[in-house]
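Novice: Generate coordinates for the entire structure from the input sequences, incorporating the hints supplied.
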Amino acid sequence: MIDHVELRSGLYRDSVALMLLTRTLSQDNGISDPIVAMATTLNMELARTAGYEIPEGSGSELLIAFRAEEEAISRCLQIIDDLLNQSQDPTVAHENLNHRPRSLGRLATDWKSDVALVSVPGEHAAYQAVEAIEAGAHPVIFSDNVSIKNELSLKKQATDLGLLVMGPDCGTVILDGVGLGFANVIPAGPIGLISASGTGAQQVLALCDHAGVGVRHVLGLGGRDLTDEIGGISAHTALTMLEDDPTVEVIGIVAKEVGPSTRESLEDAASKLSTPVVWVPTGDLTNGTDQLLEVAGFELRAVPVWRPAMERPNGSGRLVGLFSGGTLAIEAQAIAQASGCEAEIVDLGADEYTVGRPHPMIDNTLRLERLAEMSRDETVGTVLLDVVLGHGASPDPAAELQSALRDISVPIFVSLIGTNGDPQNFDSQVNQLTQAGAEVHLSNASAARAAVIR
Amino acid sequence: MMEQDGAGLLRNPKISAVGIQLLSDAIRDQGISIADATWQPPREGLALSLSRIAADRRRINANQQAVQAMIEARPEVVGLTTAHQALGLERRQFLHSGPPISWQNASGPLRGALVGALLLEGEAADADEAWRLCEANEIELLPCHSRGAVGPMAGVISASMSLYEVRDEVNQQVAYSNLNEGLGKVLRMGAYSPEVIDRLRWINSHLAPILSEAFARHGPFDVRALLAQSLQMGDEGHNRNRAGSALFLREMSASIAQCDVSSAEISQVFEFINGNEHFVLNMVMPAAKASADAARNIPGSTMVVAMARNGTEFGIQVSGAGDQWFTAPANTPEGILFPGFSNKDINPDIGDSTIMETYGIGGFAMVCAPAIVRFVGGSVELAHQKTDQMYEITLAENPHLQIASLDFRGTPTGIDVAKVVSTQILPAVNTGMAGKEAGIGQVGAGLVEPPMSCFEQALAVVAESGESA
Numbered sequence: 001m002i003d004h005v006e007l008r009s010g011l012y013r014d015s016v017a018l019m020l021l022t023r024t025l026s027q028d029n030g031i032s033d034p035i036v037a038m039a040t041t042l043n044m045e046l047a048r049t050a051g052y053e054i055p056e057g058s059g060s061e062l063l064i065a066f067r068a069e070e071e072a073i074s075r076c077l078q079i080i081d082d083l084l085n086q087s088q089d090p091t092v093a094h095e096n097l098n099h100r101p102r103s104l105g106r107l108a109t110d111w112k113s114d115v116a117l118v119s120v121p122g123e124h125a126a127y128q129a130v131e132a133i134e135a136g137a138h139p140v141i142f143s144d145n146v147s148i149k150n151e152l153s154l155k156k157q158a159t160d161l162g163l164l165v166m167g168p169d170c171g172t173v174i175l176d177g178v179g180l181g182f183a184n185v186i187p188a189g190p191i192g193l194i195s196a197s198g199t200g201a202q203q204v205l206a207l208c209d210h211a212g213v214g215v216r217h218v219l220g221l222g223g224r225d226l227t228d229e230i231g232g233i234s235a236h237t238a239l240t241m242l243e244d245d246p247t248v249e250v251i252g253i254v255a256k257e258v259g260p261s262t263r264e265s266l267e268d269a270a271s272k273l274s275t276p277v278v279w280v281p282t283g284d285l286t287n288g289t290d291q292l293l294e295v296a297g298f299e300l301r302a303v304p305v306w307r308p309a310m311e312r313p314n315g316s317g318r319l320v321g322l323f324s325g326g327t328l329a330i331e332a333q334a335i336a337q338a339s340g341c342e343a344e345i346v347d348l349g350a351d352e353y354t355v356g357r358p359h360p361m362i363d364n365t366l367r368l369e370r371l372a373e374m375s376r377d378e379t380v381g382t383v384l385l386d387v388v389l390g391h392g393a394s395p396d397p398a399a400e401l402q403s404a405l406r407d408i409s410v411p412i413f414v415s416l417i418g419t420n421g422d423p424q425n426f427d428s429q430v431n432q433l434t435q436a437g438a439e440v441h442l443s444n445a446s447a448a449r450a451a452v453i454r
Numbered sequence: 455m456m457e458q459d460g461a462g463l464l465r466n467p468k469i470s471a472v473g474i475q476l477l478s479d480a481i482r483d484q485g486i487s488i489a490d491a492t493w494q495p496p497r498e499g500l501a502l503s504l505s506r507i508a509a510d511r512r513r514i515n516a517n518q519q520a521v522q523a524m525i526e527a528r529p530e531v532v533g534l535t536t537a538h539q540a541l542g543l544e545r546r547q548f549l550h551s552g553p554p555i556s557w558q559n560a561s562g563p564l565r566g567a568l569v570g571a572l573l574l575e576g577e578a579a580d581a582d583e584a585w586r587l588c589e590a591n592e593i594e595l596l597p598c599h600s601r602g603a604v605g606p607m608a609g610v611i612s613a614s615m616s617l618y619e620v621r622d623e624v625n626q627q628v629a630y631s632n633l634n635e636g637l638g639k640v641l642r643m644g645a646y647s648p649e650v651i652d653r654l655r656w657i658n659s660h661l662a663p664i665l666s667e668a669f670a671r672h673g674p675f676d677v678r679a680l681l682a683q684s685l686q687m688g689d690e691g692h693n694r695n696r697a698g699s700a701l702f703l704r705e706m707s708a709s710i711a712q713c714d715v716s717s718a719e720i721s722q723v724f725e726f727i728n729g730n731e732h733f734v735l736n737m738v739m740p741a742a743k744a745s746a747d748a749a750r751n752i753p754g755s756t757m758v759v760a761m762a763r764n765g766t767e768f769g770i771q772v773s774g775a776g777d778q779w780f781t782a783p784a785n786t787p788e789g790i791l792f793p794g795f796s797n798k799d800i801n802p803d804i805g806d807s808t809i810m811e812t813y814g815i816g817g818f819a820m821v822c823a824p825a826i827v828r829f830v831g832g833s834v835e836l837a838h839q840k841t842d843q844m845y846e847i848t849l850a851e852n853p854h855l856q857i858a859s860l861d862f863r864g865t866p867t868g869i870d871v872a873k874v875v876s877t878q879i880l881p882a883v884n885t886g887m888a889g890k891e892a893g894i895g896q897v898g899a900g901l902v903e904p905p906m907s908c909f910e911q912a913l914a915v916v917a918e919s920g921e922s923a
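Going down the list, the sequences are from chains A and B. Number 302 in our numbering belongs to position 302 of the first sequence; there are no gaps in the numbering. Number 679 in our numbering belongs to position 225 of the second sequence; there are no gaps in the numbering.
FYI, nobody ran anything at the bench for these hints, they're computed from the structure. We put the beta carbon where it would ideally sit given N, CA and C, even for glycine. Careful, some of the hints might be misleading.
Unchecked claim - The calculated label-pair distances, taken between Cβ atoms and stated as ranges, are:
no.	chain 1	residue 1	chain 2	residue 2	range
1	A	Pro121	B	Gln626	44 to 50 Å
2	B	Ala858	A	Gly212	55 to 61 Å
3	A	Gly297	B	Ala923	47 to 53 Å
4	A	Pro260	B	Asn751	41 to 47 Å
Specialist: Have a look at this one:
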């Protein structure tokens, strides 16, 4: 044991605070006879009595004296510095106040948040996200209309600080089972998803749930992350994070748009991981999910189809698809095109339709108008729809659509994207849709194929 | 670069939110607690600046660098000098508080103080002559801040005046201020009657030499340590400096008493300091300035490094925008008036003392000074709320200056113009109130709001600089 004695100037602490600090120190086995006190004549005398050799001071310094093994000195000093500079946990101080912070930055700092969900209008979103980054929280940017330039800068700033930016225009995130935005309820399991396609990820969730395989995380990064303009900045971070999570056994990547050089860099990064990485192509999400499950050691059993309560006569006109999910629309389009079928596939969730009105996953008003038109349009031979369930989605979409579907005389195919745990009650949705005359598929690809064949 | 760490993100994450209530409710429905910010969109047209600021990759680091430099500064009074010696001021050159201003635009108290300073310097035989010299533009006016100085209220510093020299060895900064004259009829409030000039002469001829000798004997006087104590003794360091002044006198008394002058003169010095509860203000102000100056000129930083008023305009300077002033018409303070004055006697906001708020105390540490909450329009609870709000517009908490009643939380430090504009929360400023007419002096003390426009302009300029960076 050796004596460490120093007088620090310019540091004032209240005597009660210092007594408490000294008491905390004396509870540490590596520190003997600690004295941390203002260097008053009395305290200096006390220290001398305790056997310390005390230099002369001006009386206004802070006296630090303790005994410890030589190798432990720096650790002890670190403990003392930490205690001296400890600022009170602001959440404690906050309990007595009604004042709720206006700024996300302050809120995230005071509440020590890990995640900050940003859903303000797009022009304000980048600044809110940077406040989150500044506060050390991973931003989830639900807002759209954030410029590419801002997205790039936010992602670079976050990377420098070890943070992951999810979004902008990020629809679906699941973090350790907690859903943010449009997220299906699914048990935790061995799969971790990286998604640049919200409804694409939801389709994968629906199929995994059907296969009885859980998904612990969905890191939704926004549709542009894997383009070469952004270069997969968040995807790279997400890969590292999922690799480091010991509960993730297989990583799936779902992206509606992937730039060639970004794909190359991600494949390169993935090849260095111990966790297998599976790309789920949005051209056929169902087939992709099958491969993902296979790598995870499971299989996708036959994807269920529920027949309509009454068969309808085959129409002779074109196929019309009215979608709420962008990726699902793209997948249906690809399938229709491949079959050479005359099809008009509309994504009603696209920006041009959502200005000033809620997204069709939340509210079916626009879709109901279109369906009413279909019922009068004799050139329509088949109708294809998606119905997406989960948190954030309409509480009972089948009930909203039911009567409009009944008014249509041609065959109707619905891809019902949901899980058994979803708050809408999956079975009841199936029931209402089939009663209204629709053939219901769990797989969007399968629904599209059925509609095309017709 | 930090290690990418998904630990908090991927295990039982704690969530904050801003925006659509429905999304937060959907998370609450899962049994997860989530905190919502009470965000309101900023004024029309400001989203672009904030959005540019968000894209400026320099900002987060620049602001951390700025605020840490200010926090880690250890300003000390090292001694006394004169404005001529230290700042090269000539006899018809005068420093004033706030952003640059001409005599023509100067308010009553600044004009009065300039007249008094001309009398002190012997440049005019009487007030009328002094006034004529000013009208004829025979004097040169410079902001204190442009010469590394700060002055309370009118802030007039003239060549012969004694100044405290405050040095910070950590950041190698130096700043100056003159000696505080006391309350009531004083030059800094615009009074220039013979008693005012006589007091200034006594300060130069007696007080300054004695203090100078005392500092030489005592050694550098640690101002940050003084503030750390006085904030826990009922001061907020701007409008209340009673504890700080007492602590100063306590620590210096032995050194003052040993000065080689008569005991009557020593006694006069003690009496003067004892009679002036703002005596230490003119030391803590340059200490705050020396600290804030270390944060200047950091490209991309949106931190305020000076707030100051000249009695006509309120101005701020921001680290990432060099020495440019962002100004707007000064508001008139509200508060408690001395007997015999009414609201119409109050001059618009004046003085460099808002350097204290820039440094994170004064109005920002209002909760430290429950004794003066009535001055600033309310209850202890209101003081609590004011301080609490200031954490929303600041970058850090100063671990060296702690607030006892907030369980020793550090003071809210480093005003960020982006946070001010985004939250629309203005810095809380405590202030003295000067009489509108030249020659009247102090009429009260209270609270004042800085104009939002200063912060909006500054934000736009730093945002613009980020575009080309």
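Novice: If a hint holds in the structure, say so; if it doesn't, say that too.
Specialist: Results for each hint:
Look at Pro121 (chain A) against Gln626 (chain B): about 46 Å separates their beta carbons, and that is inside 44 to 50 Å. For Ala858 (chain B) and Gly212 (chain A), the Cβ-Cβ distance of about 58 Å falls inside the hinted range of 55 to 61 Å, so the restraint holds. At roughly 51 Å, the beta carbons of Gly297 (chain A) and Ala923 (chain B) sit within the given window of 47 to 53 Å. The supplied range of 41 to 47 Å is met by Pro260 (chain A) and Asn751 (chain B), whose beta-carbon atoms lie about 44 Å from each other.
Going through the hint list in order, the structure satisfies each hint without exception.
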